[in-house]
Structure formats: structure tokens, C-alpha cells
Amino acid sequence: MNNLIILPIVIPLLMGIILIFFNKQIKVQKWLSAIASLASIIVSIVIVHTVHVEGIQTLEIGNWAPPYGVVLVADMYASLLVLTTAIIGFTSLLFAFSSTTIEREKFYFYPAVQFLLLGVTGAFLTGDIFNLFVFFEVMLMSSYMLIVLGSSKNQLRESLKYILVNVISSALFVIAVAYLYALTGTLNMADLSVRIAEMGQSGLLTVIAILFLVIFGLKGAIFPLYFWLPGSYQAPPAVVTALFGALLTKVGVYSITRVFTLIFYHEPSFTHEILAWLAALTIIFGVIGAIAYWDIKKIVIYNIITAVGVILFGVAANTQNAIEGSVYYLVHDMIIKGALFFLVGAIIAVTGTSNLRKFSGLIASHPFLGWMLFIASLSLAGIPPLSGFVGKLKIIQGGFEAGEYTISFVVLLSSLLVLYSVMKIFIHGFWGEPNKEAITQTSPKGLLLPIALLLALSVAYGFGVEFLSPYISQAADTLLDPSIYIQAVLKE
Amino acid sequence: MEVLMSIVVGVLFSAAVYLMLSKSLLRIIIGTGLLSHGAHLLILTMGGLKKGAAPLLGEHAEVYVDPLPQALILTAIVISFGVTSFFLVLAYRSYQELGTDDMDQLRGNDQYE
Chain S
2 MNNLIILPIV
12 IPLLMGIILI
22 FFNKQIKVQK
32 WLSAIASLAS
42 IIVSIVIVHT
52 VHVEGIQTLE
62 IGNWAPPYGV
72 VLVADMYASL
82 LVLTTAIIGF
92 TSLLFAFSST
102 TIEREKFYFY
112 PAVQFLLLGV
122 TGAFLTGDIF
132 NLFVFFEVML
142 MSSYMLIVLG
152 SSKNQLRESL
162 KYILVNVISS
172 ALFVIAVAYL
182 YALTGTLNMA
192 DLSVRIAEMG
202 QSGLLTVIAI
212 LFLVIFGLKG
222 AIFPLYFWLP
232 GSYQAPPAVV
242 TALFGALLTK
252 VGVYSITRVF
262 TLIFYHEPSF
272 THEILAWLAA
282 LTIIFGVIGA
292 IAYWDIKKIV
302 IYNIITAVGV
312 ILFGVAANTQ
322 NAIEGSVYYL
332 VHDMIIKGAL
342 FFLVGAIIAV
352 TGTSNLRKFS
362 GLIASHPFLG
372 WMLFIASLSL
382 AGIPPLSGFV
392 GKLKIIQGGF
402 EAGEYTISFV
412 VLLSSLLVLY
422 SVMKIFIHGF
432 WGEPNKEAIT
442 QTSPKGLLLP
452 IALLLALSVA
462 YGFGVEFLSP
472 YISQAADTLL
482 DPSIYIQAVL
492 KE
Chain A
33 MEVLMSIVVG
43 VLFSAAVYLM
53 LSKSLLRIII
63 GTGLLSHGAH
73 LLILTMGGLK
83 KGAAPLLGEH
93 AEVYVDPLPQ
103 ALILTAIVIS
113 FGVTSFFLVL
123 AYRSYQELGT
133 DDMDQLRGND
143 QYE
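These protein sequences, in sequence, are chains S and A. The working numbering applies: residue 2 is where the first sequence begins, and numbers increase by one. The working numbering applies: residue 33 is where the second sequence begins, and numbers increase by one.
Worth flagging that the hints you see were computed from the coordinates, not collected in a lab. Be careful, since some hints might not be right.
The calculated lysine to aspartate or glutamate pairs, modelled on DMTMM-like cross-linking and capped at a C-alpha distance of 25 Å, are [what the hints assert, rightly or not]:
1. K446/S with E434/S
2. K154/S with E34/A
3. K154/S with D136/A
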């Protein structure tokens, strides 16, 4: 029992409610939400430390002993993601302070961000599969609001599709939970794992596992189910896309990882094989999209899809190295996707367009922006010693150990193409003759700080691997051995 | 009784899919409503439709009704209620802004390419 772990959920909840009452006082909103996010970061650091020293922390809500009540579980994997979420939340707010228009701020932009963070954090921390659904809905409701806020024609049209896709996947989630409850009689994830281990993963349960893969795949954008993502993520402003790209898709990835390492891990030759091939196709289609477009926002959006594929391949390979790699890569990707979308937002603020053909030679007037994009690109592609390298290395190493040679090569090749796709922004947008008419706006000073913060973090993450590895391997150990998680929750 | 309920759920699902495949936005929203009704009935059916006493500590009955599916349905109903009302408002707003509720005309992305 540790009341600490509910704090990352309670802080944004209370702050979101309080902020609603200050909707006309923008200054107060900014200060309050920044303070709340800082507090979340501090609390998350304490949680990571506590989990590292004392093992998995649980909180039985209302003192209902599991498996009867809802239980919050902070294992290392969840805690690391909660910490990264808090950091992304804080930097997004910093970015929003100088990029969001006053109309949006007056119409509950900051409360919506807090509720989004609440939903994401809750989804990471919960140990109950129906509660996971509830947090998904909290997160989705705030994302509906953020995506449509501003009501431009493009936003309205894309939000209709975004909401429809998510409503269908929520209905499927409820259906899957109903089937699972009928077969096992429990909803607590640890208890589900125990029961399924006892009764064996029958064909029906495998079907449910695939149903969960479809549901989380829709949110996490894996191969056949990513069709909605490029359009929807492009519509809102860059800061909202950064929040979505860094957090929402990652919740889908987290849920797939959790479900397939804790509950449905008995038939890897079927479920994990499907996951591995879907991951490979996700990578291929993501890379094709990233290369094909000349719109900087689209390029980065397609890179989200590629990264999801890489992380899930690590999960599917399911060896110590591969899982460690996917934990590394997941945290790295959240940070770097945040940074890249901020960069895209800053470039759009400078040039007024996201079309790469319409501007060039930015490096002359905005050298700092240019070199930050350069570092972010290298880091995204996984050039050593930046942060993407270790994750990819371990995933590929794990892939070879698991005998998945073809897909490992796909991952390797994709890195090159990913590098090309982002370098294209650098080469065409920053080199060449400065296009004077395009660059009209003044220097985006306030926008550079959050980017610099995230990039510094990303570089530190790359150089500090030695320091981080005990945390990451602790996360991987729990994922690989479900009994650690089960013991911590059910205390048998 | 379970079989009958399953058939009802199936009918609801197929009606929902049919509606969601149509072009009119309003029909699509009604379709999502039916879909969530189907899902809620499915939870109820999957929990087992047995008869029994209310699940209270004071009762001393042979069989109790399983309270969990009802709690789940209550939660899911509230959520789908919220989402549907949001969706309806959004549909109205986009009809004002875009001047159409035909999904065929809402496709694509004319801003780029």
C-alpha cells in the first residue's frame, strides 16, 4: 500500500477542475498548470525511486483487496512512462504558453491538457482491465476536445473521423472485456494472468487476445489500423499533435505490451508471431509515408507509425534484450517525438507553412532551430551515442536471438530511411538560398526553450545509458516474469 | 434466455454496422449508439442471466446476482452517453461550418495536394 502512486492521477484531476473556474484569467491558468506539471514530475521521480528501491508499489483503492477492487500498480515500466508523460506534459505546456492563440486558451485548452495527462497516467498505472477502459475514455474525451478546439474546417472534418474510429474501438473494448469476464470471471490483470495460466490459453482466449490487439492497435496505430492517424493528427496545432504523438499512441503500445506480457503470453508462436509481422508491416508503411510526403508535419506523423512498429517488434521478439530495448526505445520515442513536433511547430511559426517546397535557407536566419532539428533527426534515427541508438541496438539484438532475421533487417533498413525522411526537412528547408518572402515572422524565442529542454534530455538519455540501465532492466524483468507483478498485486 | 439475448445483441450489432456504413453523419451517430447498446447487453449476458438475491451482505440467499456486470454497464453507459452527445454537437457544428453531412464530401484532405 502506497498512497504516493495515486498522486500523478489526482494532481491533474484536481488542477483540471480548478482551471475550469479560471477560464478567463489566462495568466492564472498558465501558472497553475505549470505548477501542477512540475509537481507531477517531482512525484513521478519519487515514485521511480521508490519502485527501484522497494519493488512494485500497489494501492488498493477503497481498501478493497484485489482481485475484488480496483488496484493501482506502479511497476518500473509504468513508473518510467508516468515520469516521461509528466515531462512531456510540462514541456508541452511551456510550448503552448507561447504558441496557443488566446481563443483556444479561453476555451478550456489548459484544463483539457490536464485531463489528457490524467487519462494517460491513469492508463499506465491501473491494474484493472476495465479501469484501463475508463482511463482510455478520459484520455479520449480530452483528446476529442483538443483536436477540435479552434473549429477550422479541416479540424472539424478530421475530428469526425477520429471520434468515429475511437467510438468503434471503445465499443470493441467493452465487448472484449465482456468476453474475458465471461471466460475468467475476473478483471484484475494479475488475477487474469493467474487464472489463464491455470486454465490454459484456449482457442477462445487467443481470439480475445487478438481482439485486444485490434483495440489497442487502433489506438497505437499498427499496420492495418493506422489509416485514421495521419489525417487526424495533422489537423490540430503542433502542440496538440505533440501531445497526441508522444502520449496517446504510446498508451496503445503500452497496453499491447502489458496485455501480451502479463496475460496472453502462453501462445507466443501464434500471437507474438502475428504481432511481429504486423510490426514489420507497420514499419514499412510508416517509412513509405514518411518518405513520400513533402509536408513536414506529415513526415513526422508517419515517423510515429514507424516507431510504434519498432517498439512492438521488441515486444514480439520477447527476449531479455528485445524487451529492454523496447522499454528504452519507448521512453526515447516519447521524448524525441515531443521535440520533433515542437520543432515542426516552431518552423511553421517561422515560415507560416508546413509545405517543405515553399521555404528554404532557414539556417541563415534561424541557426539554433536548424541545429536542433539536426540533432533531433540523428537521435530519431538512432545514431550513437544519441538516445535512439541503445534501444534499437537491443531490439535488433533481441530480434536476432529470437531468430527473426528478416524483420530485424527491416528495422535496420528503416533506420536509414527514417534518417533520410527527417534529413529531407533539414536539407530542403534549412539549406539553399534563403527564401525571403516565406520567412516573415520574428524569432520564436519562447518556442525554443521546451525544444532545448527535451533535446538536452534526449542527449542525456543517450549518454547516461550506464546510469539508466538498472532501471530499464528492472522494468524488463517484470515484463518478462509475470510472477513478480502477480506477487506484488495479489500478495500470495 | 442467454441465446435470445445473444440474438438481440447480434441484431443490434448488424443494425449498427449497417447504419455506420451509410453516408449520412446522423445515421452513423445513431449507429454508434446502437453499437454501444449491443455491447452493454453483451456484458449483461456474459455475466450470466441467473436469478438470485441482491448481492448484499445481510441477505442469506442460496444464489446471488453478480453485481459486477451491472457496475460495468453503468460506467459504460455514462461514457457512451457523454461521447454521443459530444458527437452530436460536433456533427451539428461541422454541418454549420462545412455545409454538408454527407461523408462522401468530407473525405480527403484538400489542404495538401
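Do the hints match the structure? See the list:
| no. | hint | result |
| --- | --- | --- |
| 1 | K446/S with E434/S | holds (23 Å) |
| 2 | K154/S with E34/A | violated (46 Å) |
| 3 | K154/S with D136/A | holds (15 Å) |
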